[in-house]
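Here the protein sequences come in this chain order: A and B.
If you read the first sequence in the numbering used here, its first letter stands for residue 4, the second for the next number, and so on.
If you read the second sequence in the numbering used here, its first letter stands for residue 735, the second for the next number, and so on.
Read the hints as simulated data drawn from the structure, not as lab findings.
Note that CB positions come from ideal geometry on N, CA and C, so glycine has one too.
Warning: the hint list may mix true and false statements.
Covered stretches of chain A (in silico footprint by chain B; criterion: 3 or more residues with CB under 8 Å from a CB of chain B, positions within the stretch not fixed) [unchecked claim]:
1. 187-196
2. 230-242
3. 279-292
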Amino acid sequence: MAVTKLYQSAGCSILWILFYLSLSSVSYSTVLPEERADVLYHRYEGGGMTIDGPAVLLRKKANESIAFSAYYYVDTISSASVDVMSTASPYSEERKEGQLGIQYLRDKTLMSLNIRQSDESDFLAKSVSFNISQDTFGDLTNLSLGLSFGDNDIRRNGDEFFQEQSQQYRINAAISQILTRNLSVNINVEAVSDEGYLNNPYRTVRYIDNNLPSGVGYQVEVYPRTRNSFSTKLSASYYLPYRAALFFHYRYFTDSWQINADDIEIGYRQPLADTLELDFKVRYYQQTQASFYSDLFPYQDAQNFLARDKELSDFNDITLGVGLTYQLPEKLTFSDMRSEVSLQWDYIRFNYNNFRDPTVDAAVGEEPLYQFSANIFRLFFSLYF
Amino acid sequence: MSLFNQRLSIILTSLALLTLTGCAQLSVEPWVQPYERQNLADRIMRTDRHPIANQHVAHVYEARESARGSEGVGGGGCGCN
């Protein structure tokens, strides 16, 4: 029902945008994405979790109007996170994701269709998305509009009778604008609507129970079956006088679970000679808690909806990132194609304001607030055809 | 109509009106000519300079933060227990 209203309210506006896109007749045309192949190894370590695996991205043109893309990604997960250790045992699993896309360029309009599937032992996600964009106003302006639909099958390992579903709808609109010969900005808005089973089937909430020796009982989480969110992001890219680039973005997020979030990021890219590029970034994120979240409920079934998922709590995190890209000399590359090797390292510090660490030996509700840090590495090779 | 739907409708309608009455119709000429865009065309200015890394960055945040949308790259799936 919420989804129907959402699309009805937005439908008129979308038709106007599509109508305008179809009539626009500025003479500059956009281009297909560059042809390239990337092979990546990623690794995440933090909070008792280690996740690593490979990824491959391929983009190839069939002709001047049509291009194809393919993406394959693997997460190998070994988890002993604080959520798991408080109520369950460490586990390992694997997630595989594949994407196929086609881009079609007609005059100055670029259309793309993308299908995606993500497969875990207990979660199968399928989605399809369509995006249309167009350069206009002498190529100073680019307008884009995207739609996406996703369908998820959720299972619970060890319970063959458990089977749930959820659907996700996304609509995205963006304007990119060149403001000066050194500055471009982008405004991106996106609405996301979920329906169905939105819980994590393994997570529990805790409540005070003086009848138990531990003084605390556990029951399964109960989430609402709908969630609507809205985000707005402002981005800017600025070319510095000595050939370096400065990036900025600010995003505001709000949803029907009463979570409000902001994130802000500043990035800096400095080329050195013709073969090296250095990247630096700082990002800060904060969010308020969901209306039905509590670290410790006063009793069992204290309210209709219950959550103790730390991702729904009040917290902030800060990221410091550095990256290095090296363009390989001709003798080390294929034919005359340009190729690069890149290494990126991100450090993230998470600080939770109302999620306590139950693994610490302390009175119930008086454990220290949880915090952890994570290190993320990406090593990848890029080849440009 | 909920506040969420009202807000979405207002923004999208504004966006449509902005484009319908676009700069070209207001007789404003493009003020940065194609030959003046070599700085903006420099590859160091590209936010999608490393698309495969951007996908991973978005996935890391998506699994650990509640905010979603407007990333500019696809997401989904988890690994966040």
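Here is how each hint holds up against the structure:
1. With 6 residues having a Cβ less than 8 Å from any Cβ of chain B, the stretch 187-196 of chain A passes the three-residue criterion, so the hint holds.
2. Closer than 8 Å: that is the beta-carbon criterion, and the stretch 230-242 of chain A has 9 residues meeting it against chain B, so the requirement of 3 holds.
3. Counting residues of the stretch 279-292 of chain A whose beta carbon lies closer than 8 Å to any beta carbon of chain B gives 3, which meets the minimum of three for the stated coverage.
The structure agrees with every numbered hint stated previously.
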